[in-house]
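Using the sequences plus the hints, can you model the full thing?
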Amino acid sequence: MTVPPIPARGKASLTAVPGGQGRGLAWLALPALLIFVAFGVIPLFGVFALSFTTWDGLGEIRPSGFDSWRAVLTDPGLPHALWVTFLVIALSWAVQTPASILLGTFLAGFQRYRAVLSVVYFIPLLLSSAAIAITYKALLDPNFGLGAGLGIPILVQDWLGEPVLAFSVVIFVVSWQFIPFHSLIYQGGVRQIPRSMYEAAEIDGAGRVRMFFSITLPQLKYTIITSSTLMVVGSLVFFDLIFVLTAGGPGDATRVLALEMYKRGFQANLMGPASAIAVILVLVGLALALLLRRLGGRDATHSQLEGA
Amino acid sequence: MEPRTTSRRTFLSLSMGLPLGAALAACGSSGPTQTGAGGGTGTTGTGGGAGKATYWYLTGQPNEGVRTRAVERFNKANPNAGLATTTFQNDAFKTKIKTAIGAGEAPTIIWGWGGGGLRSYVQAGQVDDLTSWFDQNAAYKDRLFPSSFGAATVDSKIYAVPVEAVTPIVLYYDKRAFEKVGAQPPQEWGDIMDLVKKFNAAGIAPFSLGGQSRWTNMMWLEFLFDRIGGPEIFQAVYDGEKDAWNNPAAIDALTKMQDLIKTNGFVKGFSSITADSNADQALLYTGKAAMMLHGGWTYGSMKEEGGDFVTGGNLGYMNFPPVSGGKGDPSNTVGNPAQYMSISSKATAEQKEIAKKFFLTEMNSDAQSKDWVGITQVPIVKGVDAQFGSGADAPWQKFVYDTASNAKSFQQSWDQALSPTAAEVLLDNIAKLFQMSISPQQFATNLNEVIGK
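Chains as they are written, first to last, in the UniProt record's numbering: chain A, 1 to 308; chain B, 1 to 453.
Read the hints as simulated data drawn from the structure, not as lab findings. Certain hints may be false.
To be verified - Just a few of them, taken from the derived set where beta-carbon distance is under 10 Å, the chain A residues facing chain B:
no.: 1; residue: F52
no.: 2; residue: W55
no.: 3; residue: E60
no.: 4; residue: K137
no.: 5; residue: P142
no.: 6; residue: D252
no.: 7; residue: K263
no.: 8; residue: M271
All residues carry an ideal CB built from backbone N, CA and C; glycine is no exception.
Now the structure itself:
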């Protein structure tokens, strides 16, 4: 999922290129805009139109009014999928954010060993979701996995077969995969905090914990908003990882909205209802992104640098 | 072979004379990316574009090898009008073929499982009616298992050529485990329940099951429905009869199923095991589970991956036992009666001719039968049992051949027989039934809602 870039305001883009012709540079955005329209906007309208039709993916597309919407909105599966999606968003945010802030703050130092560690921590992000899911699935297998292999009884659980356990595994694996990325954002954020603030605090006799809560955390406010937006909108469309790891199971315990959409569209051949779910996904995503921007306040996109 | 090739070519060059044929040939020259089948495309001396027919098939040895060799033989015999092939993995193929057909980009030869999927192609007008072709080639048709045509037939017309091998669902067991607890293979359902207690007491899981794949659980229901109520129970669902799932025999079967789950009939953690990783088979051949209900296709992979489990004579197999008082004939079986090949309606006349020639000369041919037999499978050709010889796999092949040809009813796997829409609801509810999160009655109610959809 990509988040549309926040447009730079007013003169900011002019100052970005010293001596550049701002007006002329606007044309540079044209190819990106065309691609966005061709692969983003037009399909969006296509999906919206499809949600008012009946199509099995093979034959004719026939208009059917609100039938697909009625089918989706009256299906008890929808509130369940929404709830699961919300839980995934909330829990993965709650796990990832503190961990990423702490890791990012730790990695913001300039010692060499931290540089080495930050490379190591970054590795999970380089792996594809499908590969991660397959690996975890093998490791968690109750009969041939890690627990059975090493003879550790506590690890021999029906990890992906019990609803609560399966859900926890999803949150864990999602966090394992994406904490590196958010740590990187926080590392950058912490490094932007002026050193003078810490020096002043040191003179006032503040300890490390005090400095973290009184300087680092408040200064990271906008980084937190950015990272959370990426996290929330990203979790909304989790598909590949959950699809491979649990396939929405056991039963429908981990069936998120994106998975529900795929199952209806491509497995059950119901493109109309699948499109309706896709529209719902877009709306929920937009609402969440706007909400987070509200929370960040109007000045969220302004630079926090001294003198800027 | 030679005279036929000549006459075909004459026919082709004749059809090229027609403007329609030329127009169609022009359309055919631009298709999806084609691989393999070296050289020989494009314009030839006979005039017009002698395009190739396209054919997509599944990867995964040893079956892939049989499919590849058939194409190679055909292309060698037809250097100017052969097949251009692309290969896919099983699950990727299922989505890809649907999308391609929907987009009008289907390959000439549409490979599939027949049944409900084929029916949806037929309803969308995407595949050709092959009934008259079979009438013209009656000898060809008569050589194949009659049971293989059910899943190729929609509204009494045949839309697909049955090909490849027959794979009924079989009850496998580990002879070592039975020796260990001093028991005999089950003769009826009551024995199964007794065996569950015995094996659990001995610390061996009674049945292996890759429950996350869902269709694995379905195989159990297919047999229980058949043994308790006979094939009519599912036939009623297939025919779209109202409330067909409410049949008392169906409820009885679903209840028996949940009883088996409640008494720990299946390996612990079965709902997180998938069949595509073959972990369920591994449980059987490593001695962790005593029995497994699975498709005939697993014999080959257990032989390959299971060390000396198969070659050492430890694998036992049998047809699913009867349920006492049940109406179903114990010789009945379920599973995949064959694989199926249809011809895309969007293909050019020329491509269609190539495809038909491929069916006639290569599919179900003696050379191919030999290939399938060579990898321990049973091709759907009558009298192929004469080729089994006296090798180590011959008893297995004989068993599959007899099961398939003696079955009073050979029911196609439910998820293939039903429409994709109904199949998805079915698999979903089967997963919930096995999770014990819905009752048999709820299962029936949920499925009654999608009957005929």
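**Asked** Any hints this thing doesn't respect? Which numbers, in order?
**Response** Number 1 - this is the single hint that the structure violates.
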